[in-house]
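Enquirer: Just need the whole structure built from these sequences, with the hints factored in.
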Amino acid sequence: MSNAQTWTNAALTNGNTCLDGYNLAVAALSLEVKRRVTDLGMLTSNTLYMITRLGDIDGR
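In terms of the numbering used here, the sequence shown opens at residue 1 and continues consecutively.
Simulated from the structure, these hints should not be mistaken for lab results. Be a bit skeptical, because a hint or two may be false.
Just the calculated beta-carbon pair ranges, DEER-fashion [said to hold, decoys possible]:
no.: 1; residue 1: L40; residue 2: M1; range: 20 to 26 angstroms
no.: 2; residue 1: T17; residue 2: I57; range: 16 to 22 angstroms
no.: 3; residue 1: D56; residue 2: K34; range: 28 to 34 angstroms
no.: 4; residue 1: T52; residue 2: L19; range: 35 to 41 angstroms
no.: 5; residue 1: A4; residue 2: V37; range: 20 to 26 angstroms
By construction, the Cβ of each residue, glycine as well, lies at the ideal position given by its N, Cα and C atoms.
Expert: What follows is the structure, encoded as structure tokens:
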């Protein structure tokens, strides 16, 4: 469970770093990329929550 949590948390951090450093000249494209990365971040956050809960249930 620990490895899954570590990898998922790293993916979430990577998405946040991507948004922090992302700057496009074309505003519409920039908004679309930010929307998609934000959506992916929410999915990743939910996945991390589920992995953590599974670990709690499993007692690890």
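Enquirer: Which hint numbers does the structure go against, in order from smallest to largest?
Expert: Result: hints 2, 4 break, sorted rising.
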